[in-house]
Each structure stands twice: as structure tokens, then as C-alpha cells.
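Residue numbers (this note's numbering), protein chains in the order written: chain A, 1 to 181; chain B, 1 to 396.
It is worth saying that the hints were derived from the structure and are not from the lab.
In this text, a Cβ means the ideal position worked out from N, Cα and C, and glycines have one as well.
Incorrect hints may have been included.
Stated by the list, open to error - Okay, the calculated bits of chain A under chain B, using three or more residues with CB under 8 Å as the criterion: (1) 41 to 50; (2) 63 to 74; (3) 122 to 135; (4) 155 to 165.
As the list claims (entries may be wrong) - The calculated lysine-lysine pairs, modelled on BS3-like cross-linking and capped at a C-alpha distance of 27 Å, are: (5) A:Lys57 - B:Lys118; (6) A:Lys164 - A:Lys105; (7) A:Lys124 - B:Lys118; (8) A:Lys57 - B:Lys78; (9) A:Lys69 - B:Lys118; (10) A:Lys124 - A:Lys154; (11) A:Lys105 - A:Lys149; (12) A:Lys180 - A:Lys169; (13) A:Lys33 - A:Lys180; (14) A:Lys141 - A:Lys69; (15) A:Lys33 - B:Lys78; (16) A:Lys124 - A:Lys69; (17) A:Lys154 - A:Lys169; (18) A:Lys154 - B:Lys312; (19) A:Lys33 - A:Lys124; (20) A:Lys141 - A:Lys124; (21) A:Lys154 - A:Lys141; (22) A:Lys75 - B:Lys78; (23) B:Lys312 - A:Lys149; (24) A:Lys169 - A:Lys149; (25) A:Lys105 - A:Lys169; (26) A:Lys180 - B:Lys312; (27) A:Lys164 - A:Lys124; (28) B:Lys312 - A:Lys141; (29) A:Lys57 - A:Lys154; (30) A:Lys164 - A:Lys141; (31) B:Lys312 - A:Lys69; (32) B:Lys312 - A:Lys164.
Claimed, not checked - Far from chain A by the CB rule (all over 10 Å, computed), these chain B residues: (33) Gly49; (34) Pro69; (35) Thr97; (36) Gly218; (37) Glu359.
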Amino acid sequence: MKLVKLLLPLITLTISAFSVPAQHLSDASLVAKGAKVYGENCARCHNARPAEEYSKKEWSVVIPHMRAKAHMTGKESLAVEAFLASTLTADVRNTPSHESADAPKRTGAELVTQFGCQGCHQLKGEGGTLGPVLDDVISDKGEAFVLQKLIDPKFNNAASAMPKYPMTKEDIAAIIEFLKQ
Amino acid sequence: MKKVLLQSAVTAALSMSLMTTVNAQENSSLDIGRLAIAGYGDVTYISQGNMKDEEGNDIQNNVVARFVPIFLFQLSEKIHIEAEIEFSTNEEGETETELEYANMHYFLNDNTIITAGKFLLPFGQFGANLHPSWINKAVSNPGLYGGHGGNGSLGGITSILGDTGISIANTWNMGDAGRIFTDFYTVSGPRQEEGDHGGGVEMEVKKGDNNDSMAFGGRVAYAFLPEWEIGISYYTGEYSDDGDLNYSAYNIDFNWVGSYASVRGEIFGSTAETEGETEAEVEGEHGEEWVKDFDKNGWYIQGTWQARQLGKAWLNPIELVVRYSDIESDFDGSIGHDFEEDAGKMGSRIYYGINYWLEPSAVLKLGAESTSIDNEGAGHGGIVDDRVFLQLAFGF
Chain A
1 MKLVKLLLPL ITLTISAFSV PAQHLSDASL VAKGAKVYGE NCARCHNARP AEEYSKKEWS
61 VVIPHMRAKA HMTGKESLAV EAFLASTLTA DVRNTPSHES ADAPKRTGAE LVTQFGCQGC
121 HQLKGEGGTL GPVLDDVISD KGEAFVLQKL IDPKFNNAAS AMPKYPMTKE DIAAIIEFLK
181 Q
Chain B
1 MKKVLLQSAV TAALSMSLMT TVNAQENSSL DIGRLAIAGY GDVTYISQGN MKDEEGNDIQ
61 NNVVARFVPI FLFQLSEKIH IEAEIEFSTN EEGETETELE YANMHYFLND NTIITAGKFL
121 LPFGQFGANL HPSWINKAVS NPGLYGGHGG NGSLGGITSI LGDTGISIAN TWNMGDAGRI
181 FTDFYTVSGP RQEEGDHGGG VEMEVKKGDN NDSMAFGGRV AYAFLPEWEI GISYYTGEYS
241 DDGDLNYSAY NIDFNWVGSY ASVRGEIFGS TAETEGETEA EVEGEHGEEW VKDFDKNGWY
301 IQGTWQARQL GKAWLNPIEL VVRYSDIESD FDGSIGHDFE EDAGKMGSRI YYGINYWLEP
361 SAVLKLGAES TSIDNEGAGH GGIVDDRVFL QLAFGF
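Start from the sequences and build out the full structure, keeping to the hints where you can.
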């Protein structure tokens, strides 16, 4: 009995500690869900504001304001925060960190899922409508254009809602390969 | 045994609070902030060369500016505070300060938000969601939301855009069938204007209430995201000093937002009971008292279209806007009554604009607007009411 009493806090602590990482914020499905919620909600009233306008800390304060405006649920708001955060580095200028060069190489399909492109774009009939359909973008606009768009989404449209992703050159090349298919 | 129970209760409470700290720590990989400053500002040049006021004097062209900071605080996952203060210069060059809102949100559960303080009423769309200048696609307001400058020939319908009280907002998710948003609130309510006749409904928000009664209102909307949202709002409250005259308003808003284009509109009406006295038959005695309805009704429709659809890089930042507003007011059916300035008027206003986007929240707007009042008897008939605007608006 004594033992149980002693262990009880420990048990609950461990359980609670384990239940949290299950919805870790860098969870790819949470990010993809956040991109979808963003694509569906964030241009309803005003132009969608791209992630790099605020730091992660500022977004965590701005999103509750928008949760109220947009009638989003708590879960949806958290997903949007996760999506925005996933496109931001700690650095305000959002320059890609080259440490990730050691990270396992990811395929174009994985990257497109992970970056939530389909929150805003349709690919093979699946995805959001905030941005244009991407199926034929390479053949229509050329590889150089898409490359430039991924490096700096505002290069051809100052009002673009598309996030400036902290991607490496390899990431971009893999996404372009994937979009060619 | 009691002790054990107590102990486990304490343990449970403790571990629950621990759980939230674990949570908070976990979230901090996302960097939880405490304060953010946002807001918007604008500079507007208004050219109204042909306009005269009611005495026939020229109305000057002018430049007005606004700076509207928003302070957002996150006290905890559940509690969020927001306040917005507007600093503006008016046509006379004076500086005005106004508290737009200051309130606390309590996130009760996943789909319920309780708000207390001064807030923008969830009544229609424009007042609550679309008026900040970097969001508003036009430089001016839709006719029924009130005039601006000039001879103000088109009076607004309502004062009920921001008020103090408490509200509860909910989201009901129906999966593929869309979602329903509900908002219900009670606020201190409209006031009576000071004036000879006891006055009509005060159109400017003031501190405090003049009577004991609260006003009630709500909005129920159906949304099929990302494209559609249709809402119905209602508001009712006593406005007179003795609390026996009612003011009520309804609004139906629809919104369609596509990838390149949007169409929005609102139908809006209000009824204010007004009281008076007929002329006494015998001198020195009171006549018969009456209460009659003073109605205002209006609607607007606004379309926007982004030229990036044309696929030419230099057209990417350009957006076109057209808005038509219509408004009529009617004092118990008798057009031309002079009880209130706006009594018995029918008017319309059209706005054409070109917006050049510098950033997702910074825009240069060029617009032209023309207002016509259709019935001469109302006093403003025949007076030119046209203007050209140039505005730089930014959200930050």
C-alpha cells in the first residue's frame, strides 16, 4: 500500500510525460493538417499572411486572436501554429540551417507532405485552393521559375501568401523532381 | 482511508498541473510568447473639389492619417487579452484617440470562447472583420456603415459596432457538411442622443449605459470553407433614457471567397421607436402621445478580382474592386419628415477602385466614389457628392 502511494505520483508523471510527445508539434500529420486549416481559413477575411512575417513566439500570441475571429477550434489553432512554426527557423530571416545536411535525405513526396504544400495547392486533384494547381506547373512555367518561387515566393508577387521555406538546395531539387512526375 | 483518498486527490491534482507544465515545456519547442504588438495604419488623401456643404461652402480636399496599434497578451493557454487603440487625425487637423476594443478571451474548451470587456460586436461582417484599412478593399465604408467627411449625405444605419459586455462564441463542426458558427452576447446597449425631441439613437459609442436594460444580440452563420459563409445577425436593446424605446437591427451577410476573386454583401436594417406628441387641441394641455417606428434599411455588394489570374508577372499585385451600396430611411412611412437628419432618404453609392499590393498587408488604393440621393425633399438632393481617394494602408 505504501509502495503504491509512493509510486502513484511517479506513475502519473510518466504517463503524462508519455502522452505529450504523441502530439509533438513537429508531427508531420499535424503540420499537414495545419496547412489545410490555414489554407481554408486564413484568406477568408484578409490576404493570408505568410509565416515569415512573425517569429514563432509572436505567432503563438497572434493565433489565439485569430482563433476568436475565425471561429477555429483549439485543435485547429494548434495545428496552424505547428504549420507556421514548421516553416520558420529560429533565425528571423529564415535562412536554412546547413546542419540539416546530415539529416537523412528526404524524397520529394515526403517533403511536399511535410511542408504542407497541399494545404494551399492541388496535386492530382487533392488539396487546397488558396494557391494554383501544381500538376503542370513545371511544363507550363519552367523549372527555373519553380526553383525561384521556392527560394523566394515573393520574387514575382509581393503579396504572396506562400511561406518562404527554410529549404536546402537538395530539398528544392527533390521537390522539383517530384513535381515533374 | 480518508487520508489515502485525500492524498490521491492531491496527487491527482498535482500530476494534472504537472501535466500542463510538461505540456507547456513541450510547446516551448514552438516558443510560447507572451506579448505581441500588431495593428494597422493608413494615410488617406481625399479630393472632393466639386463638393459643397449645406451652406454652399466649398469642402476642402484633405489628408487624414491613422495609427492603430493592437496589444495582444497571452497569459496562459486559456486566457488571452487584446486591446486596440486608434490614434487619428481628422479633417480639422486635430488628433483623436479612441479605444476600439479591450477584452479578455477565455478559451473554455476546444470550441467555446467566452469574451468579456469591450469588443467589436459579431453583427454582420464589415464591422467585426473587414473594416481595418489593410483588410477593407475599398478606401471608404459601405454606405450603410456610415459616411465620412464631405457633407455626409449618406448617414449610417447603426452605432452598434463595438460595446461593452460579455459574449460566448462556438464552432460546431459537421465534417463534410460544413460548420456552424454561433455568437451570442449581452452588452450595455445603445444610448439616446441629446436633443430637442429627446433625440434619436446615438450613433457614436459612448462609455456606460443610460438605462438599466442590457442589449442582446447574436449571429448564427453557416460556413462551407474555404469558399462560403452566410450569417444572420440580430440585435435588440432599449435606447431611451427611461428605457421604454426599443432599437433593433438585423443583418444578413454572405461571403464568397475564391482563389482570385471575392463577392461579399450584406443586407442590413434597423428600427428605432421614436416618441412624440400630437399638437394639443386646447392650448396649455398635452396632446396625445405616440410611438412610431423609424426604419433604416440598406444593402451593399462588393466584388474583387485579382489580375494575377492573367498570368502576367507585372499584373500580379493588382486587384480591382467595385462596391455598390443602397440605403433608405423612412420615418413611419412619411418620406421627407424632418424629425431626424436622415429621415426619408433614399440614396446609393458606387465605388470603383484599383489596389496595388506591396505586401500581403500593405496596399496602395486608388478609388473613386459617387453618391446620389434620390429624393430631393430630403435636403441633400442635387448636391454633388463625389470624391477621389488615394490611400496607403498597412497592417503590421
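Here is how each hint holds up against the structure:
1. 41 to 50: holds (count 9)
2. 63 to 74: Coverage by chain B holds here, the residue count being 9 at a Cβ distance below 8 Å.
3. 122 to 135: holds (count 5)
4. 155 to 165: holds (count 6)
5. A:Lys57 - B:Lys118: It holds: about 26 Å lies between the C-alpha atoms, which stays within 27 Å.
6. A:Lys164 - A:Lys105: holds, 20 Å
7. A:Lys124 - B:Lys118: Violated: lysine 124 of chain A and lysine 118 of chain B sit about 47 Å apart, past 27 Å.
8. A:Lys57 - B:Lys78: Status holds; Cα separation ~16 Å.
9. A:Lys69 - B:Lys118: This hinted pair holds, its Cα atoms lying about 15 Å apart.
10. A:Lys124 - A:Lys154: holds, 25 Å
11. A:Lys105 - A:Lys149: Distance ~22 Å between lysine 105 of chain A and lysine 149 of chain A Cα, so the pair holds.
12. A:Lys180 - A:Lys169: Within the cut-off at roughly 17 Å; holds.
13. A:Lys33 - A:Lys180: Within the cut-off at roughly 25 Å; holds.
14. A:Lys141 - A:Lys69: violated, 37 Å
15. A:Lys33 - B:Lys78: Roughly 22 Å separates the two Cα atoms, so the pair holds.
16. A:Lys124 - A:Lys69: Not OK: lysine 124 of chain A and lysine 69 of chain A at ~32 Å, beyond 27 Å, violated.
17. A:Lys154 - A:Lys169: holds, 18 Å
18. A:Lys154 - B:Lys312: holds, 15 Å
19. A:Lys33 - A:Lys124: The hint holds at about 18 Å.
20. A:Lys141 - A:Lys124: OK: lysine 141 of chain A and lysine 124 of chain A at ~18 Å, within 27 Å.
21. A:Lys154 - A:Lys141: Within the cut-off at roughly 16 Å; holds.
22. A:Lys75 - B:Lys78: holds, 13 Å
23. B:Lys312 - A:Lys149: holds, 15 Å
24. A:Lys169 - A:Lys149: holds, 13 Å
25. A:Lys105 - A:Lys169: holds, 12 Å
26. A:Lys180 - B:Lys312: holds, 23 Å
27. A:Lys164 - A:Lys124: With a Cα-Cα distance of about 23 Å, the restraint between lysine 164 of chain A and lysine 124 of chain A holds, given a limit of 27 Å.
28. B:Lys312 - A:Lys141: holds, 12 Å
29. A:Lys57 - A:Lys154: The hint holds at about 23 Å.
30. A:Lys164 - A:Lys141: holds, 19 Å
31. B:Lys312 - A:Lys69: violated, 34 Å
32. B:Lys312 - A:Lys164: Roughly 22 Å separates the two Cα atoms, so the pair holds.
33. Gly49: About 32 Å separates glycine 49 of chain B from the closest Cβ of chain A, which puts it past 10 Å; holds.
34. Pro69: holds, 13 Å
35. Thr97: Holds, because the least Cβ-Cβ distance between threonine 97 of chain B and chain A comes to about 22 Å, which exceeds 10 Å.
36. Gly218: holds, 13 Å
37. Glu359: violated, 6 Å
The structure fails hints 7, 14, 16, 31, 37 (numbered hints given earlier, in ascending order).
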